[in-house]
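Peer 1: Single-letter residue listing:
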Amino acid sequence: MMLNKKIIICDDDEGILDMMEMILDDEGYQIIAESNSLNLRSIIERESPDLIILDLWMPMLSGDQLLRMIRDTEAYKHLPVLVISASRDGETIAMDAGASGFLAKPFDIDGLLGKIELQLSATNWQA
Amino acid sequence: MNAFLDGKFNFSGDSLKYNFDLLTQALNASISGIIITDNMQPDNPIVFCNLAFEHMTGYTRAEIIGHNCRFLQAQDRNQKQREILANCVKEGKECVVEIRNYRKNGDLFWNELYMSPVKNDKGEVTHFIGVQNDVTSRKNAEHDLRQQKTLMEKQVQERTIALKESEAFLTSIIETVREGLLVLDPEFNVLSANYHFLKTFKVSIEETVGKQLYELGNNQWNIPKLKELLIKILPTNNPVVDFEVEHDFPHIGKKLMLLNAYRVELEGQFKDQILLAIEDITDRKEIERRKDDFLSIASHELKTPLTTIKGYIQVLERIIPKDASEKFVNTFSKVSLYVERLNTLISELLDVSKIQTGNIELHMSEFDFDHLIRETVDGIQATFPGHKIILQGETKAKVMGDESHIIQVINNLLSNAIKYSPDAKTIEVNIANVSEYVKVSVRDFGIGISPEDTAKVFERFYRGSEIQKKFPGMGIGLYICDQIVKNHQGTLWVESEKNKGSVFSFTLPKHRKDNDAE
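Those protein sequence lines, which keep their order, are chains P and H.
If you're matching positions, the first sequence starts at 7 in the numbering used here and goes up one per residue.
If you're matching positions, the second sequence starts at 105 in the numbering used here and goes up one per residue.
These are computed hints drawn from the structure, not numbers from a lab.
Every value quoted in this text rests on a predicted model; they were computed, and no experiment measured them.
Don't take every hint at face value.
Not everything, but these chain P residues come out facing chain H in the computed CB check (under 8 Å) [unchecked claim]:
| hint | residue |
| --- | --- |
| 1 | Met-26 |
| 2 | Trp-63 |
| 3 | Pro-65 |
| 4 | Ser-68 |
Computed footprint of chain H on chain P, listed as stretches where at least three residues anywhere in the stretch have a Cβ under 8 Å from a Cβ of chain H [said to hold, decoys possible]:
| hint | stretch |
| --- | --- |
| 5 | 14–23 |
| 6 | 75–86 |
| 7 | 109–121 |
The C-beta atom is built at its ideal place from N, Cα and C for all residues, glycine as well.
Based on the sequences and whatever the hints tell you, model everything.
Peer 2: This is the structure:
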């Protein structure tokens with residue numbers, strides 16, 4: 007059922023990218039992992055993902071900057087974005103920037119999968 | 105010239121004897137001693153003395169008549185008044201001297217002696233008349249007064265020196281102290297300013313003293329809120345305490361200052377003066393901020409690889425082969441346990457730093473208390489299936505507080521309860537309404553805490569003596585819990601018995617008392 011769901015993960019830390027890709031891949035999601043925040047916009051346009059998982063503290067463009075950019079684009083206004091961060095104020099920053107969900111690092115796999123499922127089902131329901 | 109010949113002594117008739125008698129009685133009634141000496145005889149003997157003279161000197165008439173006056177001086181012969189007397193006798197002049205005389209019994213008395221010559225037709229001095237008054241008490245009083253004056257002068261001198269010394273001492277303190285100090289009069293004119301004030305705000309004493317506070321340096325002290333507080337000081341004695349002001353000064357840039365102002369009081373009497381102390385906390389705040397920033401970055405950076413590690417461990421846990429040994433499985437669960445602990449430690453590091461500098465921010469919102477407890481307990485229960493956590497009671501309360509902080513407290517108490525009761529299987533959590541508070545108690549049946557440790561468990565970095573070996577940690581968890589509960593104006597406490605278990609309880613007011621005066 008999840009086979010067709012496409013998730014972009016954007017995090018500057020390769021370790022986290024690899025780990026998440028492995029887990030979500032096993033779950034049957036289609037994963038596009040990106041460590042350079044500058045590339046995110048073009049990837050979104052190219053891939054039309056069902057969900058974006060976004061880190062906050064990244065070089066070049068920070069997660070909240072990217073998120074605001076996404077929300078400012080009419081086509082992606084309702085695109086689910088799950089923010090993951092180890093920052094203490096992460097949740098506040100994420101919600102202020104328009105995130106649809108937040109998960110604190112480090113997280114449990116079950117927690118991650120639960121949040122992803124929630125985000126994806128919400129879009130289904132919205133659509 | 106001669107009163108006698110003028111008839112002034114013809115009192116009531118022509119009888120000379122009668123009149124003479126009256127004069128003699130008058131002489132004897134006098135309280136001044138009166139004597140007459142005969143200057144025509146050798147050594148000027150006393151030929152008359154009245155009663156007062158006898159009383160004054162203690163001698164009887166018989167002992168007096170025929171003697172020269174000097175017998176009254178006894179052995180005290182070197183007085184310079186004697187010279188004056190001798191000169192007057194020689195030149196036949198009158199004089200007044202104060203001379204030391206001695207009574208028959210040897211007692212000293214001061215004699216104010218008025219001596220006047222009596223001359224005959226030829227101008228020769230025939231007699232001297234001496235009138236004497238005992239002025240000892242006056243002399244004594246004078247003496248005492250002089251002594252008192254000397255003593256007082258000495259005391260005044262000593263006190264002046266002491267005052268100067270203490271003034272110098274105080275001045276040196278005032279000038280050395282690293283806090284700007286101003287003394288203001290009721291109109292907020294600057295009466296004095298110390299060195300540190302001048303240095304911090306780069307002004308001269310001329311630009312400051314005598315000026316109105318609000319006019320100093322382009323009205324930069326004209327702060328309405330400060331004005332309002334200062335106005336209240338003199339009439340109400342309400343001091344201004346730790347009033348934080350940020351100002352962009354023309355020459356020295358942005359400064360963060362802590363202001364304290366008090367009414368100047370002396371021996372319980374208040375003076376019409378205000379002491380304003382200005383502490384420049386710009387650098388201190390900046391250092392605190394940088395430290396917090398550093399710790400935020402450090403904890404973020406440490407958590408990033410930890411996220412990866414935790415993820416991979418969980419991946420591996422999921423693919424543990426069915427035939428894996430028990431040792432293999434146990435080892436795995438231990439690894440994840442310690443990764444979790446490392447995560448907690450990193451979070452705590454930042455918390456402690458924030459709490460210590462008072463920078464912890466509360467995000468207050470109303471939340472469903474029972475729901476929060478249930479979710480938190482469920483979360484911990486899922487992580488530690490080895491213990492059964494029994495939740496009892498309900499409050500149906502909405503509580504105003506920082507949800508994430510309260511969750512942190514409950515998580516901490518629960519994980520402690522589990523950690524310190526390795527051989528017990530149950531933990532009891534009880535929640536209840538207590539007046540305007542909600543109360544949470546977490547009971548374990550574990551190793552307990554010794555009485556000497558119970559008082560200290562909420563101290564920072566405190567670890568129970570026997571605990572350290574068996575249960576390593578940093579000893580900040582309970583300290584943070586205590587601070588969080590205090591921030592919410594509640595209390596956290598423990599009751600415990602060695603080897604029986606512990607009960608940690610805390611209360612939270614459902615609604616914060618904002619006017620809680622410290």
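Peer 1: Please go over all the hints and tell whether each is borne out by the structure.
Peer 2: Going through the hints against the structure:
{"no.": "1", "hint": "Met-26", "verdict": "7 Å, holds"}
{"no.": "2", "hint": "Trp-63", "verdict": "6 Å, holds"}
{"no.": "3", "hint": "Pro-65", "verdict": "13 Å, violated"}
{"no.": "4", "hint": "Ser-68", "verdict": "12 Å, violated"}
{"no.": "5", "hint": "14–23", "verdict": "holds (count 3)"}
{"no.": "6", "hint": "75–86", "verdict": "violated (count 0)"}
{"no.": "7", "hint": "109–121", "verdict": "holds (count 5)"}
Violated hints for the displayed structure, listed by number in ascending order: 3, 4, 6.
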